[in-house]
Structure formats: C-alpha cells, structure tokens
Amino acid sequence: MQFTIALAATLFVSAINAVPISGSSDTIPNITISLINDRTGANAQATVRGDGLARNIPDLFRGTAIDQNGQYLATSAQLIGFTEHTRCFFQNYNWIINLNGKDLTYVDIDGDKTKATPINMDGFNLQCV
Numbered sequence: 002m003q004f005t006i007a008l009a010a011t012l013f014v015s016a017i018n019a020v021p022i023s024g025s026s027d028t029i030p031n032i033t034i035s036l037i038n039d040r041t042g043a044n045a046q047a048t049v050r051g052d053g054l055a056r057n058i059p060d061l062f063r064g065t066a067i068d069q070n071g072q073y074l075a076t077s078a079q080l081i082g083f084t085e086h087t088r089c090f091f092q093n094y095n096w097i098i099n100l101n102g103k104d105l106t107y108v109d110i111d112g113d114k115t116k117a118t119p120i121n122m123d124g125f126n127l128q129c130v
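Per the working numbering: the sequence shown = residues 2 to 130.
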C-alpha cells in the first residue's frame with residue numbers, strides 16, 4: 002500500500018512539472034520599427050520584443066544609417082513587423098509619439114506634416130506591447 006501511494010505521488014508530481022506554463026515568452030510578439038530621415042534617405046530598422054520594456058534609441062540604432070556620430074536623426078517612424086494589437090511609443094520626458102498596429106503605423110516625428118524636420122532621437126526610448 003505504501004509503495005502504491007509513493008508511486009502515485011511521484012507520478013502526480015511529475016505530471017504537474019510537465020504541464021506547460023501559460024503566458025510563456027513564446028506569446029510575446031517581435032515588433033520591427035523603422036526610423037527614417039526623409040531629408041537624407043537614411044533609414045534603419047530595429048526589432049524589439051513586445052514586452053513593455055523601455056529601450057534606449059542609441060542601444061537600438063547604434064552603428065546604423067541614422068547614427069550620425071551619436072546623433073540619431075529621424076523625421077518619421079514606421080511599424081514594419083507588428084500585429085493589429087501592437088502599441089508602441091517613443092518617449093523623451095513629456096514628449097510622447099504613439100504608434101499602433103491598427104490605424105497609426107506611420108508618424109511624422111516633429112508633428113508637422115508640411116516639412117521634414119530631423120529630430121535627434123538620442124534622448125528617446127521605445128516601448129512596445
């Protein structure tokens with residue numbers, strides 16, 4: 002009898018440990034965003050996990066075409082790889098630039114659609130979910 006209880010307990014514990022954990026990192030999407038300098042034609046892409054973590058623009062775009070000696074000059078941004086539920090924003094203190102996968106996949110960074118003014122994105126971070 003004790004052997005049966007021990008065997009049953011071992012099988013029960015093994016079954017619990019084998020159950021996959023819901024909410025695994027496999028469900029977090031990868032999101033690709035492009036920064037563009039419409040004046041020079043330079044652009045670069047970066048892919049981040051949609052996990053809500055803030056990532057510094059220099060860390061994402063260092064050594065790319067928009068890196069001009071430590072200044073990350075861009076006039077616009079565009080979601081390239083995303084889902085309909087994607088929500089991203091660039092933030093530099095109170096300056097927030099929103100993007101989403103439903104109806105706002107492209108933004109003019111300076112907010113003036115009549116001209117392409119390069120903005121130094123060095124102080125910005127990017128967050129996506």
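Source of the hints: derived by calculation from the structure; they are not laboratory data. Being a predicted model, the structure only gives us computed values, none of them experimental. Treat the hints with caution; some may be incorrect.
The calculated SDA-like cross-link candidates involving lysine to any residue, where the alpha carbons are at most 25 angstroms apart (straight line), are [unchecked claim]:
1) K114 / G53
2) K103 / V49
3) K114 / D27
4) K116 / T65
5) K103 / T41
6) K116 / S35
7) K114 / D52
8) K116 / V130
9) K116 / G53
10) K116 / Q46
11) K114 / L54
12) K116 / N101
13) K116 / D104
14) K116 / E85
15) K116 / N44
16) K114 / R50
17) K103 / Q72
18) K116 / Q69
19) K116 / W96
20) K116 / T84
21) K103 / Q69
Review point. Can you name, in rising order, the numbers of the hints this structure does not satisfy?
Key: Hints 1, 3, 5, 7, 8, 9, 11, 14, 16, 17, 20, 21 contradicted; others consistent.
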